[in-house]
Amino acid sequence: EVQLVESGGGVVQRGGSLRLSCQASGFTFINYEFSWVRRAPGKGLEWVSHISSLGSDIKIADSVRGRFTISRDNTQDSLYLQMSSLRVEDTAVYYCARGWSPDAFDIWGQGTVVTVSS
Amino acid sequence: QSVLTQPPSASGTPGQRVTISCSGGSSNIGHNPLSWYQQLPGRAPKLLIYADNQRPSGVPDRLSGSKSGTSASLAISGLQSEDEADYYCATYDDSLNGWVFGGGTKLTVL
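Line by line, the protein sequences are chains V and H. Sequential numbering from 18 applies to the first sequence in this note's numbering. Sequential numbering from 13 applies to the second sequence in this note's numbering.
Read the hints as simulated data drawn from the structure, not as lab findings. Mixed in with the good hints there might be a few duds.
Said to hold, decoys possible - Calculated lysine to aspartate or glutamate pairs in the EDC-like style (CA-CA distance at most 20 Å, straight line): (1) H:K79 - H:D64; (2) H:K58 - H:D106; (3) V:K60 - V:D79; (4) H:K118 - H:E94; (5) H:K58 - H:E96; (6) V:K76 - V:E63; (7) H:K79 - V:D120; (8) V:K76 - V:D90; (9) H:K58 - V:E50; (10) H:K118 - V:E63; (11) H:K118 - H:E96; (12) V:K76 - H:D106; (13) H:K58 - H:E94; (14) V:K60 - V:E106; (15) V:K76 - V:D123; (16) H:K58 - V:D120; (17) H:K58 - H:D73; (18) V:K76 - V:D120; (19) V:K76 - H:D73; (20) V:K76 - V:E50; (21) H:K118 - H:D95; (22) H:K79 - H:D105; (23) H:K58 - V:D123; (24) H:K58 - V:E63; (25) V:K60 - H:E96; (26) H:K58 - V:E18; (27) H:K79 - H:D106.
Model, not experiment: these values are computed from the prediction.
Take these sequences, add in the hints, and give me the full structure.
Right under this line is the structure:
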């Protein structure tokens, strides 16, 4: 079964750090690009960051630039999001999503909840 | 304020046809393929339409997408109670160098 499973969410104080993971299974991980997308309480979906299949091309939203870093380990079929200097407004459900040509996301994980307390 | 503009809400009765609009600009909808997603409460988003009007396998043909210039729409015919969800349009924005989503439309089946 094609699947993405996120982990690593939790409650963290403002200014703290957290590392999210996304474990892929059921497909050839290295063939695909991935993104992180979040949904804050009461708000819509927001794209956060993208990484190409070999990790050579990385894109990041202005709202998290300089604080979040996306990475991947193709030997472990895993995607990561390192989050630092967390703000209250980073509170959201974070989803990893598989890139589907052209420019869509066809497989999504179930999400992991990040809560930043003040 | 989202780069892509969607109506915050839409509604219809069972069996009706409803459309959800998505408006953008030349750097996003006007230049890149659009996709649509459905998100049920407490669930992950699901891809409904990609490349403006293509349906992934498993998505019923009563859902359809269209695009003209810098605007697009999602049409749902034969509305069912299980269609009640949030719907989002999305595409790549050349100016922002990243993906953008619409603000979302909450569809209510009356």
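Quiz item: Hints broken by the structure, by number, lowest first?
Solution: 2 and 19
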